[in-house]
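Engineer: Counting the sequence shown from 1 gives a position; my numbering is that position plus 290.
It is worth saying that the hints were derived from the structure and are not from the lab. These numbers were taken from a predicted model, which means no experiment stands behind them. Some hints could be false.
Cut-off 27 Å, straight-line C-alpha distance, at most; resulting in silico cross-link-like pairs (BS3-like, lysine-lysine) [what the hints assert, rightly or not]:
(1) Lys463 x Lys428
(2) Lys632 x Lys557
(3) Lys527 x Lys557
(4) Lys428 x Lys527
(5) Lys527 x Lys632
(6) Lys725 x Lys685
(7) Lys632 x Lys685
(8) Lys527 x Lys463
(9) Lys685 x Lys297
Now the in silico label distances, taken between C-beta atoms and shown as ranges [as the list claims (entries may be wrong)]:
(10) Pro427 x Glu300: 51 to 57 Å
(11) Glu303 x Glu371: 36 to 42 Å
(12) Glu303 x Ser724: 34 to 40 Å
(13) Ala518 x Glu300: 16 to 22 Å
(14) Asn495 x Arg530: 14 to 20 Å
(15) Asp460 x Glu303: 46 to 52 Å
(16) Lys297 x Pro363: 27 to 33 Å
No residue lacks a Cβ here, since even glycine has one placed at the ideal position from N, Cα and C.
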Amino acid sequence: MHFSTEKSRELYERTLGVLIEASSSSSRGPANFSRYPIFMERARGSRIYDVDGNEYIDWMMSFGALPLGHAHPEVVEAITEAASGGAHFATATPVELEVAEMIQGIVPSAERVRFANTGTEAVMAAIRLARGVTGRPKILKFEGHYHGWHDDLLVSSNVLPPAALGLRTDPVKIPDSSGLNRTALDDTIVVPWNDLPALERAVENHPGQIAGIITEGIMANMGVIPPADGYLEALQKLARGHGILFILDETVTGFRIAPGGCQEHYKLSPDLVTFGKALGSGLPVAALVGRAEIMDALQWGGVLHYGTHNGSRIGMFAARANLRVLTRDNNASFRHTWTISKRLCARLRDLFRNQGRAAIVQNVGPMLQVMFTDRPVIRHYRDFCQYVDRAAFQKFVLSLFPFGIYASPSAALHSIVTLAHTDEDVDLTIDAVSKALQTAA
291 MHFSTEKSRE
301 LYERTLGVLI
311 EASSSSSRGP
321 ANFSRYPIFM
331 ERARGSRIYD
341 VDGNEYIDWM
351 MSFGALPLGH
361 AHPEVVEAIT
371 EAASGGAHFA
381 TATPVELEVA
391 EMIQGIVPSA
401 ERVRFANTGT
411 EAVMAAIRLA
421 RGVTGRPKIL
431 KFEGHYHGWH
441 DDLLVSSNVL
451 PPAALGLRTD
461 PVKIPDSSGL
471 NRTALDDTIV
481 VPWNDLPALE
491 RAVENHPGQI
501 AGIITEGIMA
511 NMGVIPPADG
521 YLEALQKLAR
531 GHGILFILDE
541 TVTGFRIAPG
551 GCQEHYKLSP
561 DLVTFGKALG
571 SGLPVAALVG
581 RAEIMDALQW
591 GGVLHYGTHN
601 GSRIGMFAAR
611 ANLRVLTRDN
621 NASFRHTWTI
631 SKRLCARLRD
641 LFRNQGRAAI
651 VQNVGPMLQV
661 MFTDRPVIRH
671 YRDFCQYVDR
681 AAFQKFVLSL
691 FPFGIYASPS
701 AALHSIVTLA
711 HTDEDVDLTI
721 DAVSKALQTA
731 A
């Protein structure tokens, strides 16, 4: 293995010494230490720098947690101001109320707002709330969707051989981890996504038992897979018709697809919505919002949701600055990210087509992913497992690092356009992709 500096060698050896995997924060498996720039030291705007001083255009953006890019001046100023006045008060703060009211002004269904630290925690609260309010035990989730690492929903979220999945009419529930509570998945129903008849059958087969249906607005755990036309609206109608709560997990899509997230973009009215990642602009801030008649069950611990760091003061300052920038000038940041993404995706598609490579680019607004496949479109989890060449994608991304492009080598993740990205970043990226493809040819 070659190291360009003694610093990177030292850090690598220390990492091995304490048995930490480079990608431990992403839950997507270990990175290739020999080729992956695992030790990043600083970042600003659209650029990130490793310990050896190498500069990269960052299209990973902390798995979607940085809608403004790295170290946005207003977020940095807000964090500094908050830290100088005290980190934690163990009581309500004015900024917490202000951020909650900002969310209410942005998110259509946010009659009540509850803060947490991560998307996982927000989803855990949503699941408990749905069961408590309805008095029903079961939760329905979809194949390939990831809703955090807690036991109840940690199933059928990883890429697996198609033969292991069972029939679409009766999917095999495959736990994603050892160490789960042995009965945790007993009340979890798994259904193929973008398949309305399969969803209808599952609801009919469990009459009066399902507390909530939880879904990503855009399937973001298998690259980028948009919902079929009318699918989410039909899901919502089906849930309402059976007294089932519609839980929209916007941990990934919130404050990125549109100011009001997927519920605004697809004109939905979910009962509960979870947020994380982009809300805190790099700090651990999450939220659960929803209809008052449901959320009010959290009062005084009727449905218990505690957390010492919920609504953390410094996180609230960062979230307030973040939301101010995102919504400034009539939501100009969202128009920017959609425009940059449209240009990047179009040029990538042209490049792959001209190079004769079997690859497609799927995106919804600023979320995009290259998929090495001979299929014209990937519509769901089973398509992804069967037809997407993940090894080819990893090889492709790793070949971009020497050309100064930083993206996730996992085909199941995706790239992210932020307010910090520019037309120049697109030009430099396309040039790097072209060079990498020529080198690999």
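Engineer: Run every hint past the structure and note whether it holds.
Structural biologist: Right, here's what the structure says about each hint:
no., hint, result
1, Lys463 x Lys428, "holds, 14 Å"
2, Lys632 x Lys557, "holds, 22 Å"
3, Lys527 x Lys557, "holds, 13 Å"
4, Lys428 x Lys527, "holds, 19 Å"
5, Lys527 x Lys632, "violated, 32 Å"
6, Lys725 x Lys685, "holds, 14 Å"
7, Lys632 x Lys685, "holds, 24 Å"
8, Lys527 x Lys463, "holds, 26 Å"
9, Lys685 x Lys297, "holds, 26 Å"
10, Pro427 x Glu300: 51 to 57 Å, "holds, 52 Å"
11, Glu303 x Glu371: 36 to 42 Å, "holds, 39 Å"
12, Glu303 x Ser724: 34 to 40 Å, "holds, 36 Å"
13, Ala518 x Glu300: 16 to 22 Å, "violated, 51 Å"
14, Asn495 x Arg530: 14 to 20 Å, "holds, 19 Å"
15, Asp460 x Glu303: 46 to 52 Å, "holds, 49 Å"
16, Lys297 x Pro363: 27 to 33 Å, "holds, 28 Å"
When each numbered hint is compared with the structure, violations occur for hints 5 and 13.
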